[in-house]
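> Single-letter residue listing:
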Amino acid sequence: MTDPLLEIDALSIAYHTDHGRLSALRGASLIARAGEVIGIVGESGCGKSTLAASVINLLPAAAEVTNGAVRYKGQDILSLHPEAQRALRGQDIAMIFQDPMTAFNPVLTMGAQLVDFQHAAQIPRAEKLARARTLLARVGMPDPDLTLRRYPHQLSGGMRQRVAIAAALLMNPTILVADEPTTALDVTMEAQIIHLLRDLRRDYQGAILVITHHLGVVAELCDRVYVMYAGEVVEEALVDDLFHAPLHPYTSALIACDPGHFEQATPILPTIPGRLPDLRNPPIGCSFAPRCPIASEICATPPPRMQISLTQSALCHKAGGRP
Amino acid sequence: MLTYAIKRIALAVLILFVVMLAMYGMVFLVPGDPASVALGPRATPALKAMLTERMGLDQPVAVQIWRFFANAAQGDLGIDVWSKRPVLDQILEAFPQTLLLGTVALAWALTLGITLGVLAVVYRGTFIDRALGLISVSFISVPSFVVAIYLLLIFAVWLQWLPAIGAGKSGDIPSQIKALILPSLAVGIGWVGYLARMVRASMLEIMAANHIRTARAFGLPERKVVTRYALRLAIVPTISVIAVGLGSILSSAVFVETVFSRPGIGTLITGAVFKRNYPVVMGTVLVTTAFYLLVITCADLLIAKLDPRVRDALAR
Ligand SMILES: Nc1ncnc2c1ncn2[C@@H]1O[C@H](COP(=O)(O)OP(=O)(O)OP(=O)(O)O)[C@@H](O)[C@H]1O
Ligand code: SF4
Ligand SMILES: [Mg+2]
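Going line by line, the protein sequences match chains A and B. The numbering of the first sequence is the numbering used here, which starts it at 1172 and goes up by one. The numbering of the second sequence is the numbering used here, which starts it at 26 and goes up by one.
Extracted from the complex, chain B is given alone in its bound form:
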């Protein structure tokens, strides 16, 4: 198990490295010299040269890449050429906002998704099962920013129950919670449907398994059969899907943050891309990728912990 953990972490670091190299490649493929774009059409050559130097763009690519990794390893992601603030500070400000949004979205997805999935299994073949199926599929097929816009129109503009934009007043927890409801629903709702379908499918498969019949043959109460004997097993494949899905949750957070004008990684990165603010773009991608890899690695380790068969297969 320990060797497995070390292997997984080494792999994650390697992936991170490759992703950042690819990012660098993309930066140089995009037309438009960052300094000219940043300064606009009327900049003097002297000013441009100064900015180019400050951004480190005058150095050979290899040196730039080396510097980036060497600094990043020490926790220095460079200075934002616009605001003159360290990139890391900006990310550390924005990231918790996105993380909060993603976590709450995931919490919606998990509680609603698993509940709906289990309900569909308990009432399989009935009207309830079919209705839940229809709802789940529509949740999956509508893009999150469309959901965001409709939620905003209905609950914020029309009913005026919840705020339309922002993250709430700082220090005012109730207002922050209110501001979080719509965006997190918009991000999580597709996952509610997806998880509901997935839990239903794997539960149905498991409920037909021989060991469930054994549990019933010993007269265990159906509630215990469903939760302890079936759901525990159905959760295992769901975990890896959720972990992988976190990537898509983060990317839908980008849209949703824009629609609701919430501060966060999404707003930060869209702004930075428009202004060709490369240090911020690179830093943000690095941090989100690292976070994503961390989650996937933890999920794999968690699965090994939950399923003794996986654990034993790894020990061999």
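Next comes chain A alone, as it looks inside the complex:
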């Protein structure tokens, strides 16, 4: 196998809040290789965005990395000089953010911003504009020239998300991180954006990280999946294995609740009963135990990582059929 492009290694991140320290990530690990599309799924608040932001070290001011490393091509990003980190951003590692409505500056035209984003390229402005135009056409904007003259509020949410994708591709990054690229959009828009991303992945050489709480997106787009719960990666699997033979009870619960999973419309959307544990005071044992249908006494102790195949593992005492 090729060397990983990106390697997140036992990363722990805490937020300093008014009510104490909140452990948003607890020893999360992940790798992504060239050509792979990686899915990261989990409920709201489980730490997906924190993980995404750590990839380019653009964490909120209140965040503190307490342990672990983020390696890009073997090099620890978090301990790089700030200027060296900045040089990677947008050039090697690009982000598509969760909310297209607020992702762009409201008083600059799209053209001005798309040119600014290519600041590292030593080419004339006209060439930068031409490149922006090409990519806007690539992501299916009907009139790239007009789009360049538009301000963000003059575009619809779906269009802005397309522009955000075009922006991320401007500098040919090796890693593309998309944090809930479709969550803010309606169903039709979502389908269009997923279609676009599928289209893009065909001729994309690098790695793509897609963060979502929607299993449908994972099934459509990804090769491998990391399932997150309460700041931990609770399961890692190939997409097919995840849907057909989930190991972790949380994964099974997520699949059971996914609306795309039902043949007919149901009057009530099933949800997993219970809530995420308080991350200011994470439990010592399995953090899913209060909501787990098969929990037993042993679950009050820290669960081991059970590796049942080369590609699939879970953080659970009972994964792989142990009692």
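For the record, the hints were derived by calculation from the structure and aren't laboratory data. We put the beta carbon where it would ideally sit given N, CA and C, even for glycine. Check each hint, because a few of them may be wrong.
Lysine to aspartate or glutamate pairs mimicking DMTMM-like chemistry, simulated, CA-CA at most 20 Å apart [to be verified]: (1) K73(B) x D105(B); (2) K203(B) x E230(B); (3) K249(B) x E1254(A); (4) K1299(A) x D1287(A); (5) K1299(A) x D1316(A); (6) K249(B) x E1207(A).
Covered, in the sense of this in silico footprint (three residues per stretch, anywhere, with C-beta under 8 Å from a C-beta of chain B), are these stretches of chain A [what the hints assert, rightly or not]: (7) 1247 to 1260; (8) 1269 to 1280; (9) 1288 to 1296.
Here are the in silico distance ranges between beta carbons for each label pair [claimed, not checked]: (10) R149(B) x T1305(A): 37 to 45 Å; (11) P262(B) x S1215(A): 31 to 39 Å; (12) G1198(A) x M26(B): 54 to 62 Å; (13) D1180(A) x P246(B): 25 to 33 Å; (14) F42(B) x S1215(A): 52 to 60 Å; (15) T1237(A) x A181(B): 54 to 62 Å; (16) K109(B) x P1277(A): 25 to 33 Å.
With chain A fixed as given, assemble chain B with the ligands onto it according to the hints.
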């Protein structure tokens, strides 16, 4: 945008009209018949009658008001009964002085205020931020005439670096600049503090916005993020505050002109009020109000120009 501009100008004219009516109302509410006050206690009834007639005070109020507006519309603000000079001439002499004072004060406020505000954001949470906060708040809370008196005592009387009174010798630019430093600081310093606080607050809000994170995620240099992506937005609310604040800058100019004995609208209007010199009072109020409205209207148009969202909302 054009209809918006026309609407704004029409509104400004209406406001001006209402303000002048209110001024007239106040003139008639203040006790003391202008002619008697002007001539003193030993004036003969004949003299009083003559002055009353010359000031137009014998006419019904409605006629007086009508005459005032009709003349003002033609650029005639009447004759000063004391000096026998046209009021407009006096205002045109005094106004540039006050305008200069106000503009320089505003320039202090803008350059120092925005710089301090941005510095506080760049060094947020540090000792520098806290020190700037303390300085800004003290600048805001001390009234301009108190600042004026202290500046005068320290720099003019004690250190003798700068002149204490007057506007400098005419034609001698360096002396005029020297004479301007203390008064303009006295007028502007409260605004330095105010703007610094305001720029800091709106910058902090903007720096936490998603689009700033986007700019950073594309590796833009922090200097560019602060100036091009954040400051441009932070300036928009500041403009309207500055425009409204110009009113208070003009009124603190009144005090400060008195303290430094500078010629200007402030000195003109205080003198006129004491002598019940109504044509001058009315004329001055008219011109300053018109100027103030002009500035506010321009500020609104400028905001519409700077913020495409406002522009589009208006076009709808
Ligand atoms: N700036 C912050 N300050 C304090 N706590 C934060 C901050 N950002 C996130 N958190 C907390 O960290 C935890 C993880 O947040 P994160 O945004 O990574 O979750 P997420 O999985 O992306 O959720 P969502 O699906 O809602 O986007 C949450 O409990 C959240 O409340
Ligand atoms: S460790 Fe126990 S409680 Fe946790 S998921 Fe596995 S079975 Fe459920
Ligand atoms: Mg998120």
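> Are the Cα atoms of K203(B) and E230(B) separated by 20 Å or less?
violated, 39 Å
> Measure nothing beyond the straight line between the CA atoms of K1299(A) and D1287(A); if it is 20 Å or shorter, mark the hint as holding.
Distance ~9 Å between K1299(A) and D1287(A) Cα, so the pair holds.
> Holds or violated: the 54 to 62 Å window for the beta-carbon distance between G1198(A) and M26(B)?
About 57 Å separates the Cβ atoms of G1198(A) and M26(B), which means 54 to 62 Å holds.
> Tell me whether the statement that chain B covers the stretch 1247 to 1260 of chain A is true, taking a Cβ distance below 8 Å and needing three residues at minimum.
holds (count 4)
> Straight-line Cα separation of K249(B) and E1207(A) no greater than 20 Å?
violated, 34 Å
> K73(B) and D105(B) were given as a pair; does the straight-line alpha-carbon distance stay at or below 20 Å?
It holds: about 16 Å lies between the C-alpha atoms, which stays within 20 Å.
> Note whether the CB distance of T1237(A) and A181(B) lies within 54 to 62 Å or breaks it.
holds, 59 Å
> Between K249(B) and E1254(A), is the straight-line Cα distance small enough, at 20 Å or below?
holds, 14 Å
> So does K109(B) sit 25 to 33 Å from P1277(A), Cβ to Cβ?
The hint (25 to 33 Å, Cβ to Cβ) is violated, given that K109(B) and P1277(A) are roughly 58 Å apart.
> Is the gap between the beta carbons of P262(B) and S1215(A) within 31 to 39 Å?
Roughly 33 Å apart at Cβ, these two residues keep to the hinted range, so it holds.
> Quick one: are F42(B) and S1215(A) within 52 to 60 Å, going by C-beta?
holds, 57 Å
> Taking 37 to 45 Å as the stated bounds, is the beta-carbon spacing between R149(B) and T1305(A) within them?
holds, 40 Å
Consistency note: the structure conflicts with the earlier hints numbered 2, 6 and 16.
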